[in-house]
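J.: Input sequences plus hints: build the corresponding full structure.
Protein chains in written order, with the numbering used here: chain A, 6 to 120; chain B, 31 to 146.
Rather than coming from a laboratory, the hints here were simulated on the basis of the structure.
Each residue gets a CB set at the ideal place from its N, CA and C atoms; glycine is no exception.
Some clues are possibly wrong.
[As the list claims (entries may be wrong)] Derived lysine-lysine pairs resembling BS3-like cross-links, with alpha carbons at most 27 Å apart: (1) A:Lys19 - A:Lys62; (2) A:Lys62 - B:Lys138; (3) B:Lys138 - B:Lys103; (4) B:Lys103 - A:Lys16.
[Stated by the list, open to error] Each pair of labels, with its calculated beta carbon distance range: (5) A:Glu73 - B:Thr33: 28 to 36 Å; (6) A:Ser71 - B:Lys138: 22 to 30 Å; (7) A:Ser71 - B:Ser104: 35 to 43 Å.
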Amino acid sequence: DTGVSQDPRHKITKRGQNVTFRCDPISEHNRLYWYRQTLGQGPEFLTYFQNEAQLEKSRLLSDRFSAERPKGSFSTLEIQRTEQGDSAMYLCASSLGGRDSYEQYFGPGTRLTVT
Amino acid sequence: AQTVTQSQPEMSVQEAETVTLSCTYDTSESDYYLFWYKQPPSRQMILVIRQEAYKQQNATENRFSVNFQKAAKSFSLKISDSQLGDAAMYFCASYNSGGSNYKLTFGKGTLLTVNP
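T.: Below is the structure:
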């Protein structure tokens, strides 16, 4: 396994459209995280999964955002009715469970531009 | 809640010289980790070094070392013998290992330029 992968790497969409991003974690990692990084800021936590269960969601995750991890492997992050403020880099990370979960491995990110 | 502050938006260093990046944090937890991550331009974030809060000894990874001052809640990164490949955005981050929230909390980052 070569690491966390994300698809697509870049997405340009028009305001009001829906977009979906995919994250494939490192295969033996049962925890998966989504972060959002806007220009000039550090990544901010959005949500995380333990296997297929979504255990925490940030208040940043409005009702237009939904994330799934249906079989505890890959995850998708969907944004409905995109707004210009959604333009950001969306980062996925994965980790082992237990106390080793501090070691989070990041993917290359999906850069979203909403026009 | 945890907060992480990086007060240096940009830093520059001459190749082969030493540079120190600053970070302060705030947490009410007793069990936590601190990290420095490197994010090169258009490339993914990688972990540079980590420090367990219960350890008094400062972590070292080759040319990278930290100065962890627990009482002052300070966690600086020293890069020795700087190389052109060290140019990147550096993020300080904290992680609360004692609770059920497994998120990383990041600072805003410091953009490091290495001059040849």
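J.: Cβ-Cβ distance between A:Ser71 and B:Lys138: within 22 to 30 Å?
T.: holds, 28 Å
J.: Below or equal to 27 Å on CA atoms is what counts here, so check A:Lys19 against A:Lys62.
T.: With Cα atoms ~26 Å apart, A:Lys19 and A:Lys62 stay inside 27 Å; holds.
J.: Does the Cβ pair A:Glu73, B:Thr33 satisfy 28 to 36 Å?
T.: holds, 30 Å
J.: Look at the Cβ atoms of A:Ser71 and B:Ser104 and judge whether their distance stays inside 35 to 43 Å.
T.: At roughly 39 Å between Cβ atoms, B:Ser104 and A:Ser71 fall inside 35 to 43 Å, so the hint holds.
J.: Would you mind confirming whether the straight-line C-alpha gap from B:Lys103 to A:Lys16 stays at or under 27 Å?
T.: The hint is violated at about 39 Å.
J.: Sort out whether B:Lys103 lies within 27 Å of B:Lys138, counting only the CA atoms.
T.: Status holds; Cα separation ~17 Å.
J.: CA of A:Lys62 to CA of B:Lys138, is that 27 Å or under?
T.: With a Cα-Cα distance of about 21 Å, the restraint between A:Lys62 and B:Lys138 holds, given a limit of 27 Å.
Comparing the model with each earlier hint shows a violation of hint 4 alone; every other hint is respected.
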